[in-house]
Amino acid sequence: MSEANPILSGHGVGFLAGERRLVTDANLELAGGTTTILIGPNGAGKSTLLKLLTGEIKPAGGEIRIAGEALAAVPAWRLACLRAVMAQHARLAFPFSVYEVASLGVDGIGRALTRQRREAIVAESLAAAGVIDLAGRRYQTLSGGEQQRVQFARVLCQLEAGRSVAERQVLFLDEPIASLDLCHQLALLDMSRSIAARGVAVLIVLHDLNLAVTYADHLVVMDQGHIIAQGPPAKTLDDALLRQVFKVDLTLSRAPAPGLPFLLPQQHRARPAA
Amino acid sequence: MTLAAPTPAATATLTTLIAGRRRAGLLAVTGLALACLFLTIVAIGQGAIPIAPGRVAEILMARITGDTSLLEGRDVLVVLNIRLPRVLLGLLVGAGLAVSGALMQGLFRNPLADPGLVGVSSGAGLAAAATIVLGDRFLAGTMMKLPFAALPVGAFCGGLITTLALYLIATRGGRTSVATMLLAGVALGAMAGALTGLFSFVSDDRQLRDLTFWSLGSLGGASWTKLSVVAPIILPLLLLMPLLARGLNGLMLGEAEAYHLGIPVQRIKALAILLVALAVGASVASAGMVGFVGIVVPHLIRLSVGPDHRLLLPLSALGGAMLLVGADIVARLIVVPAELPIGIVTATIGAPFFLWLLLRRTSLIDV
Numbered sequence: 001m002s003e004a005n006p007i008l009s010g011h012g013v014g015f016l017a018g019e020r021r022l023v024t025d026a027n028l029e030l031a032g033g034t035t036t037i038l039i040g041p042n043g044a045g046k047s048t049l050l051k052l053l054t055g056e057i058k059p060a061g062g063e064i065r066i067a068g069e070a071l072a073a074v075p076a077w078r079l080a081c082l083r084a085v086m087a088q089h090a091r092l093a094f095p096f097s098v099y100e101v102a103s104l105g106v107d108g109i110g111r112a113l114t115r116q117r118r119e120a121i122v123a124e125s126l127a128a129a130g131v132i133d134l135a136g137r138r139y140q141t142l143s144g145g146e147q148q149r150v151q152f153a154r155v156l157c158q159l160e161a162g163r164s165v166a167e168r169q170v171l172f173l174d175e176p177i178a179s180l181d182l183c184h185q186l187a188l189l190d191m192s193r194s195i196a197a198r199g200v201a202v203l204i205v206l207h208d209l210n211l212a213v214t215y216a217d218h219l220v221v222m223d224q225g226h227i228i229a230q231g232p233p234a235k236t237l238d239d240a241l242l243r244q245v246f247k248v249d250l251t252l253s254r255a256p257a258p259g260l261p262f263l264l265p266q267q268h269r270a271r272p273a274a
Numbered sequence: 001m002t003l004a005a006p007t008p009a010a011t012a013t014l015t016t017l018i019a020g021r022r023r024a025g026l027l028a029v030t031g032l033a034l035a036c037l038f039l040t041i042v043a044i045g046q047g048a049i050p051i052a053p054g055r056v057a058e059i060l061m062a063r064i065t066g067d068t069s070l071l072e073g074r075d076v077l078v079v080l081n082i083r084l085p086r087v088l089l090g091l092l093v094g095a096g097l098a099v100s101g102a103l104m105q106g107l108f109r110n111p112l113a114d115p116g117l118v119g120v121s122s123g124a125g126l127a128a129a130a131t132i133v134l135g136d137r138f139l140a141g142t143m144m145k146l147p148f149a150a151l152p153v154g155a156f157c158g159g160l161i162t163t164l165a166l167y168l169i170a171t172r173g174g175r176t177s178v179a180t181m182l183l184a185g186v187a188l189g190a191m192a193g194a195l196t197g198l199f200s201f202v203s204d205d206r207q208l209r210d211l212t213f214w215s216l217g218s219l220g221g222a223s224w225t226k227l228s229v230v231a232p233i234i235l236p237l238l239l240l241m242p243l244l245a246r247g248l249n250g251l252m253l254g255e256a257e258a259y260h261l262g263i264p265v266q267r268i269k270a271l272a273i274l275l276v277a278l279a280v281g282a283s284v285a286s287a288g289m290v291g292f293v294g295i296v297v298p299h300l301i302r303l304s305v306g307p308d309h310r311l312l313l314p315l316s317a318l319g320g321a322m323l324l325v326g327a328d329i330v331a332r333l334i335v336v337p338a339e340l341p342i343g344i345v346t347a348t349i350g351a352p353f354f355l356w357l358l359l360r361r362t363s364l365i366d367v
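Chains A and B supply the protein sequences, listed in that same order.
Mapping the first sequence onto my numbering, position 44 (from 1) lands on 44, and the numbers just tick up by one.
Mapping the second sequence onto my numbering, position 150 (from 1) lands on 150, and the numbers just tick up by one.
Next comes chain B alone, as it looks inside the complex (with noise of 0.2 Å):
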């Protein structure tokens, strides 16, 4: 039985609209990832020792493909030991930065919403720091030993428990409060930058110098050790996020609603907040503070194809990827032969731009 037969006019007015809509993220989701393939080859290629995009692509393949004939020189050693674990974990912060912030907007139903903003990269900012500056004089033993497996385990324990006390504080008789959260987000946000403002004022000379750098981001230190620490953690957000699209695309009318169209509201968010809360910690953890990333790139996605969850997380993945291995392309090149930090990099190139597309389209944020 039917309810109102449309018009045959309406209906292929309707079906036309589908297919275009279908199209236009058949055609995005495509692009982007050939893009991404494409730029990930062009980074290996780059930096001290530049390798045609070619032979990086023969590199890969014998890789891949076990031929080990083709395996022989120095520049295969560089793509494969230096420049391909950075590239990758590249990739994967990009990526888990973006769809985290693409989540976090759905979840608070807030443009603004981001990481950076609810304070669980200032948590393990702060922890990060406090390793930094105490770790000298508590862990002098460890810090010898382990100089780089301190500060990351640090930095992730830091934004794990920034996230634990944030959901705690929200939740109430078993309903999670998405205005608390983003209330006492701001509040545990600056508390943590103030701490970590402390921790600057007492640290000394070298320890400053570590502190501002890694403040700043970086992706260099990659290596296949600190990969296969990283991408069990970030993997997750993205393997799982197909299973959030339809919830979040529910919660855009309200939780309430969101329940009435059968949604578990409730197990939405607490594995939303668990892999933001997993993917933010380990990616601060090994390439520091990366800022922007999480709130430009679902805005451009937003923009280009609109705000279904669906298309909106995996395109937002490949974006993400790319606009942090395209940063670590300049901020290796720029000054050669030092690096620029990345963050410094993300946020000159992509402050402006965010500004300019306020200006062009004032209804990216029309709430």
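So that you can see chain A by itself, here it is in the shape it has in the complex (with noise of 0.2 Å):
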């Protein structure tokens, strides 16, 4: 699917942790328009990945390029315009209010525009993340859900400021929908697409293997720290690679529409591959 000019790619990245190979060898191209879902086993190295292409650590081989750029050699200010990150854990030390938390999105790169136009992007991203009424609640009082949502607000937030700057942008979501109810995860993962039509390079490191194939133009598999697999959702999961990945004897179906493969879970038919 790589199209002619991706907005971030890693070519041949690895990672070390001591001795520890997390990450080997891993080639991805992030394009504009689309979204790219990262499915894995736990410790599969989907986290580790992602930090190497957000920047937050720094790959041991290979090289990594974001809007035509060595990643190593963007200032963190900069980087912050190309790219925004939900991690999976944000606690916060103190109790800030809901409006406070999404503002940080815009606070640091937000700083050219004018305060009328930093608050109406604070308000849509709250409106869009579906927590504009919690606006004046103290973050820590909120539910898990809740504040997953208010930190996909202070995303957006940082998207949209940094659009003022560059063009190009890359979103990072790492479970984003971990804690969320299925109606929010639906929207969120409808928002995310609607940012990607945007011309927005889209990675989500998912679970749930149907909402990872419903919502994927690109699927990514990864496996004791290898892509192992990638390409359309259709395409790339089967059976075999279900046995060998997650360790599950079970069979694919097809939904009849739009032809995608889902996977209907079955008590304790778990095996171990050979």
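Note that these hints are calculated values from the structure, not bench results.
We put the beta carbon where it would ideally sit given N, CA and C, even for glycine.
Please note: incorrect hints may appear among the correct ones.
As the list claims (entries may be wrong) - Partial chain A-side listing against chain B, Cβ under 8 Å, derived:
#1 ALA76
#2 ALA87
#3 ALA90
#4 ALA93
#5 PRO95
#6 LEU104
#7 GLY144
#8 GLN158
#9 PHE246
What the hints assert, rightly or not - Over 10 Å on every C-beta distance to chain B, these chain A residues come out as not near it, computed from the model:
#10 GLU19
#11 ASN27
#12 LEU126
#13 LEU186
#14 ILE228
#15 LEU260
Work from the hints to combine the two standalone chains into their complex.
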């Protein structure tokens, strides 16, 4: 699927933690307008790969380029205009309000914008994440799912503020729907798709295979630090891969309308592969 | 292009919320600034020779405008040469300690962090104890000539060395681990405390008295000379703190998140640590160990206007300055003609007040 000019590309990316190889020789391209979804079992190296691609940790080998530049050479503030990251767990040390947490997304990189524009961005993002009615609440008094939506609003703020500087942007979401109910899971994924539709390259780490297949333009499967398969979801996911990667002996079905594979989990048929 | 249009009702609520927050912040800053100015004038009037606040204001204005006709009389000397430097030192040390507390709490993302906790004050204290006890023996000449200089310089170096050691212990490969620094700080603090105890064990009666008095803190002995040494070390903290506010807000989400937001995390940490080391070293050197300011004031401010550092830092400065000057008034008046060490006042007023706050608002520390 690789477009002629991806916004972010990684070639031969590796990472070592002491003696352990967490990510080995990963090749990945994130193109504008597409949603890439990263799946794999626990400990496969998904979050580590995400951290490498966001610039949070430096790769032990290989090269990562964002918007045509080497990632390592881009200073923090400009990187913040090029990409926004929603991490897995975000806890706050002090009782900030929901409005203040979301504002953090524009406070740093939105300094060139007028105050009215900044406030409008925060209001839109809070509305888009469905948390505008919580704006005055203290972040710590919210439920886990509500906190996750506030973090999503913060990330939306950052993307919107960064748009004034950078046209080509990447959005990273690391298990963004882990604490959400079904309605909000779909709402968040729909929102990230509409962000992709504006030309942003979106990378999401997901555990729900059915949602991954439904929302991905490009599916990436990781196991033991290696990217072992990637491509359009309908062609990438099959029974053999499920057995090999997730160690479950289940059969994929085909949904009638779009012909996407789906999985109906059944009780205790998991078995370790050889 | 908009992401999602908020409903008019939601927008209205949000606008009210933002306007309310801005008004509350503005009100708090002007209110505290005026209260601080008032307290300063009252404090200058208090002492063995009481001077009316009106007369104090008159003398200060005359001094500022250069109107020498009003600058006559014994009270002018008292105000300009004794009381003013003392109150200014109180303002500076109070503001420096409170802002240092707020910075450390932000940096460590821990509401209990305080220069006292991470060993900076203890390091300064140890150096001071060493100066008092060993000074007589090894620096006899210097101590005779410069009895008031050796102690502050020693304390200042002690604070700086402790902070530097902490920073080196906690920094690996260009990244400073806040958790390691906190733990190492507790260890270094305990070590410095033990060594200070050892010095008091081997000291003679006079040295012990010096040591005790100094460890409880005092603004006595303030002079323009002392102020001219201390001010250039504490002022950078107060002048540069706006540069740190945004970064510290981002750090509340975590270091990785702050980096994602575009904040130069390592630079913010290094600058904050350096400024705090300088300010605390200078404070301990000039006023002794004054506890509780760095922890009580930022918490009070957080309770009233929230944890946003853009407001928290300047308000902490004003609050800390007021607390110390206020405590100094009490210290000077309560056992006239003697003077109580100021640390006793800040702790006896501060600790119960803090406990009362904790009981009233269980949500004070909810991490």
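Now for the hints, and whether the structure bears them out:
no., hint, in the structure
1, ALA76, "holds, 5 Å"
2, ALA87, "holds, 6 Å"
3, ALA90, "holds, 6 Å"
4, ALA93, "holds, 4 Å"
5, PRO95, "holds, 6 Å"
6, LEU104, "holds, 6 Å"
7, GLY144, "violated, 15 Å"
8, GLN158, "holds, 7 Å"
9, PHE246, "violated, 28 Å"
10, GLU19, "holds, 17 Å"
11, ASN27, "holds, 24 Å"
12, LEU126, "violated, 7 Å"
13, LEU186, "holds, 15 Å"
14, ILE228, "holds, 27 Å"
15, LEU260, "holds, 27 Å"
Figure legend: structure checked against the earlier numbered hints; hints not met, in rising order: 7, 9 and 12.
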